[in-house]
Structure formats: C-alpha cells, structure tokens
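Undergrad: Read off the chains here:
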Amino acid sequence: MSLKTVEAVKNDIPVTDNKSEEDRVISFKDAIFEATDQAMARDPRVFVMGEGVDDPTGVFGTTKGLQDKYGTERVFDTPIAENSLTGFAAGAAMAGLRPILIHSRMDFMILSLDQLVNHACKWSYMFHGQVKVPLVVRTISARGWGAGAQHSQCIQGMLMSVPGLKIAAPATPYDAKGLLISSILDDSPVLFVEHRWLYKTTGRVPESLYSIPFGTGAVRRPGSDVTIVAVSYMQKEALKAAEELETEDHISAEVIDPRTLKPLDEKIIFGSLAKTGRLIIADTGNRTGGAASEIAAVVSEKAFSLLKKPIVRIGCPDAPTPASEILEKAYYPDSGTIRREAIRLMK
Amino acid sequence: MDKKKMTELYRTMVRIRMVEERIAAEYKYDEIKTPIHLSIGQEAVAAGVCTHLKKDDYLFGTHRSHAQYLAKGGDLKKMIAELYLRRTGCSHGRGGSMHLAAPEVGILGTSAIVGGDIPLGTGTALASRLKKDGKVTAVFFGDGAADEGTFHESLGFAALKNLPVLYVCENNHYAINSRENRRHRNLNIAQWAQGYGIPSRKINGNDVVEVSKNAEKAIGLCRKGEGPVFLECGTYRWKGHIGTVDDVGDGFRSREEYDYWLSKCPIRWYREYLESIGLWDDASEKALREQISAEIQDAFLFAKASPKPSPDELMDYVYAS
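From first to last, the protein sequence lines stand for chains R and P.
For the record, in the first sequence the residue sitting at position 10 is 10 according to the numbering used here, with numbers rising by one throughout.
For the record, in the second sequence the residue sitting at position 197 is 197 according to the numbering used here, with numbers rising by one throughout.
Bound conformation, chain R alone (with noise of 0.2 angstroms):
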C-alpha cells in the first residue's frame, strides 16, 4: 500500500463487547505496544514520534523495536520541543497522517498545551468540520520513588475542560489495547492517559485487533452498598479496598471503571447511584477541580435524588507531589483511604 496514495484505510475493526473467549494473558505495557504494532501494519498513515521513542528502552518497552520493524520515517525520535512536536503531529494529522505522539511524563505534555489546546482541539470547529486533526497524545504518568513535583502529575482532570479533546483512560490490559485502536481510528485529537503502576498488570488480551466505544464504562466488581468510580490506576486501589470492605467489614461496594473520562459514561454511574446511593470517587490527580470534581458535579446536577450521603472525592491534595517517601505516603490516597470513607458512608 503506498502511503502516497491511501485516502482512507477501511475500518473493519470489530467493536467488541468485552465478552471475548480467547484466554491469552498479556500485560498492560504489551497491549499498549500490541495495539500500536497492529495499527502500524494495517494503516501506513500511523506514525509514532516523540522523545526517545526509539531508544533502547524503547518508552518503558511501549515503542521497542517499532523502528527496526517500520523505519526511522515512521518511528523517529524528537528535538526536546513539547509544544512545537504536538503542533507537528497536528499538522501531519491535518493532512491526512495519523500520528501518535509520545510525553514519557505527563507532566512534559504543560508544556504543549497552545498547541493541543488552541490548535489541535479547536480545528475542527472553528473551520467547521473542513479539517480533521486525528492525532492520539499518549502521555505516562507515575507515582512513588521520590519524583516529586515535575515528574508525577496527573493532569486529565484539568484537561477534561477543554472542547475538542477526547479523553480515554485505561486501567486494564484488554481496555489499554482496544482503546488506543479507537483513539487511532478518531477522527478527534485523543488523550491517552497511562500510568506506570498498571504496566505490569496483566490480564487477557485477544490477539485480533479490536476497539471498544468510548463513552462505555465497565461495572469491574458488583455490590450493592457504595458505588466506587475509580480512574486509571486508582481502579487498583479501588478493587483492593472493594475486597477488604466485603471481608473486613462487611460492605458491598460496586467498583466502577468509567474507561473515558470524555466522553463520560453517566448512565453506568447513574444505573449504580440507583442501587447504592453513596458515590465515592478516586482519581489518580488533583482533588481541586480534577477528575473526581467534575463527575461529582455531574452527578449532583443529573442524578441529585439517587444520594442518601455527600459525594466523596479522593484524589491528590491541593499541593504539588513531594519527593520524601514519608510525605508521598501522606500525599497519595490509596485503598486505605477509599475503604475508610467507605465505612464512614455507611454509618
């Protein structure tokens, strides 16, 4: 297939509903480099760019030995130039490419924010649909080993405000591969948040491709006293404190996956409030205007009558993260803080 002369790649990728029989296991970092392998083979406009894309470590294994497989044309390291990079990607994207651009740290993405922000997520509008910029921003994020301030933000709750953005945020190896295919297959530009402390989960990943709607969440643990909506990594914490509410403490609580943060699945939300009455919500940024706020006032403005208590938002302090592991310990919520404002709710 020439690149020169493809308009349009026919998407006859199925979408699924995650009830698959294939039982491979795979973990979160090989579905994220799976998804971006098969989406390379099938559509020559993909390409991947970003800082140190095709070193050695190849992005924490997420990019390994792509270049050896699809030339330096098409997975090509970067100048240290955030801002400039994503305005490429969206102009590559604007004329027909679909490009994949990688911030190994969330935090490195602030510094592209014009162009994402004023550029890429407005280009659709303002020019009335006539120019598309179907461009996937895949930024990582962690926690924990004294990184401190600039290197451990997770920034998806800020960035939910801005029109035009996709948000999608995976905390399973099957959702890290099926929704990084359907941010490639968006016409929009997509935010693909990724934490570092789900990379080695593993879980089953058919080996076709797939891609799952956005704007679909998953119920991950059933239960019928608290609704626990957890983002990205906190969906681990969620379902640890999930388990030790049942055993310990005899609460039920229903753990909720929302997969996108924009789209948002509200119905999952609403369908859960119905049962239990009591919403908790775990993001992995900030508290302050992040994540967890804007659900919550969703669900205050659309579903007010469903609650028997306050809504609950865990999420980061309002202070940037310190390096000291006896400060990281009291910065970050964990499933320790969920099972205690789980009780809490119930008394």
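Read the hints as simulated data drawn from the structure, not as lab findings.
The beta-carbon is built from N, C-alpha and C at its ideal position, and this holds for glycine as well.
There could be a bad hint or two in this list.
[To be verified] Chain P is nowhere near these chain R residues, computed Cβ spacing over 10 angstroms in every case: (1) His128; (2) Arg143; (3) Leu307.
[Said to hold, decoys possible] Just the calculated beta-carbon pair ranges, DEER-fashion: (4) P/Asn177 to R/Lys329: 48 to 56 angstroms; (5) R/Ala41 to P/Asp56: 23 to 31 angstroms; (6) P/Pro311 to R/Pro263: 17 to 25 angstroms; (7) R/Asp55 to P/Asp56: 34 to 42 angstroms; (8) R/Asp12 to P/Val318: 26 to 34 angstroms; (9) R/Thr288 to P/Lys224: 49 to 57 angstroms; (10) P/Asp56 to R/Pro263: 30 to 38 angstroms.
Knowing the structure of chain R, use the given hints to seat chain P on it.
TA: Chain P only, in chain R's frame:
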C-alpha cells in the same frame, strides 16, 4: 518572468488592496462583527510568494491573512461572508476574519496565536515528506512570531528533517505597537534562521519582483527535497494592528516613519515599473479596477444576503465526524 505573470502579480496586489480598502470602508457600519487585521501596504509578500505555489500546496497564516487567502486562490465571496459571520463563509461563521480556511486550495487554517501556525505548517511539510507527495508548505508569520518558542523549535526540526517548507517572515517591524528593537537585539531575523542551518535571505518585501524571484527559487529548492528555506520580507502595515485606525503619532509610530513607508507603496512602485517597460497604461488600470470593483461589489452583496448560522448548529464539529 513572462509578461502575463508580471501583470498577474499586479492584479493580485491591486485586488488585495481594493478588497481591504472596501472592508475598511464597510467596518464603520458595525455589520462586520469580528476583529479585522488589515495588511494594506504588505501586499507584495503574499502576491510574490503565492504566485509560485501550486493549488494543492499548503499554506498557513495568521490573524492577518486576507492577503494570503486571496493570493493562494481562496474564494472572495466566502471570505467576505466569513467577515459577516455567515453560514456561507469560508469557515461557516465559526472563525471570523482571523480564522480563514480554504482546504480546496491548500489553506488548512489560520491561527490567531502569534507563532501558532509555524509548527502546523512544519507538520504538513513533515506529512509531505513521509508521503512523498511533492507538496510544499508556505508558512506566513510576522516579526513578532520570531520571539515565540514555536519559531525556534520549528526551524530546528525542519532543518533536521529537510522538510519542504518555506518560512515567510513578514517583518513589518511591529508586534501590535511594540517595535522590534524593544523585543530582540539582532534585528536580522534571516540570520537567526541561518543559525539553524536554513538557507535564508533578508529581502525587500515591498518589491514584488524581488519577492517573486526569491520565492520561486525557494519553492523550487523545497520541491527538490532541499528545504526548508527562510525569507525575511521587510515591509510595513499602513493600518494599526487592528481595525481601521492608523496608529500614528501620540506615542504610536512617528509621522516621519509612516510617511516614508507610504512613499514606498509596493503597488505604486510596481505600476510605475510596469508602465516603464510598456506593460501597463491608464486604460489597463481603469479596466482592471472596474473589473475588481464589480467582483468586490458582488462579494459584499452575497455576504450581506447570506444566512446567519442557526443556534442549533452550536455544538456541530466540536469533534470531527
């Protein structure tokens, strides 16, 4: 340059001037409800560069892009309708004067963030290199944009990757009312580009022949895979940064400076040149102006009679579909 191309350059400049003079004249009626940034006095740059671009070559511009839009072949009626924020406008009333697009002739949009279009045009050039489609991108920006990080980041990357992009800096010496020597020390922006390893020239942007010759060579290099190329075109905007005022005196530009540049009118100079070599006379001038006046009149009638967007379109195309 052949004779037809020489008179065509003149026609392009006069058309831009007459369109913008009409916009300025209509602006006082408050029916054009969008900020306008006129490029009267700078017409030679857009005309001289765009005459060498092919229809499907890409162009990116700024908040001040009426001239580039027209020179690249954008539809006049759609541009005027956009100024009147009508559904028939080139951006369907979504963009206004600062956000013009005409994808059918390679204009993928203009940005009102200073320097904002430079990475985008570098990106389409990147796509052209990957696709090997032979297209060239022209990115227009002012001297103010040279202060932005995007300028430096983009030039470095384009040089690294040998991208087919022509950077056109229209140096009109002012960012709003901040004179260039209050913003940077080295006033030779072309030298900055040379620092990135980019072939670069500082030229007289009011001499359409000089602009055209340099643009032809630059675009040829880009098309051969020997881009990027940088042209700094010295020029002057007759109007203030925004609207129809002149911004002269009282802490603005000096009267002497303003009068000097008016004496360097790119259109009058070029007309005298064409007359001196027997390619132009009063009769051809009269015919040209009558023809353009009629076209402009049609465009304004079309715009004013066009429907406005409807409130139910508000959320359309937030996402592409």
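Undergrad: Hint by hint, note whether the structure agrees.
TA: Here is how each hint holds up against the structure:
no. : hint                                     : result
1   : His128                                   : violated (4 angstroms)
2   : Arg143                                   : holds (30 angstroms)
3   : Leu307                                   : holds (28 angstroms)
4   : P/Asn177 to R/Lys329: 48 to 56 angstroms : holds (54 angstroms)
5   : R/Ala41 to P/Asp56: 23 to 31 angstroms   : holds (29 angstroms)
6   : P/Pro311 to R/Pro263: 17 to 25 angstroms : holds (22 angstroms)
7   : R/Asp55 to P/Asp56: 34 to 42 angstroms   : holds (37 angstroms)
8   : R/Asp12 to P/Val318: 26 to 34 angstroms  : holds (27 angstroms)
9   : R/Thr288 to P/Lys224: 49 to 57 angstroms : holds (55 angstroms)
10  : P/Asp56 to R/Pro263: 30 to 38 angstroms  : holds (35 angstroms)
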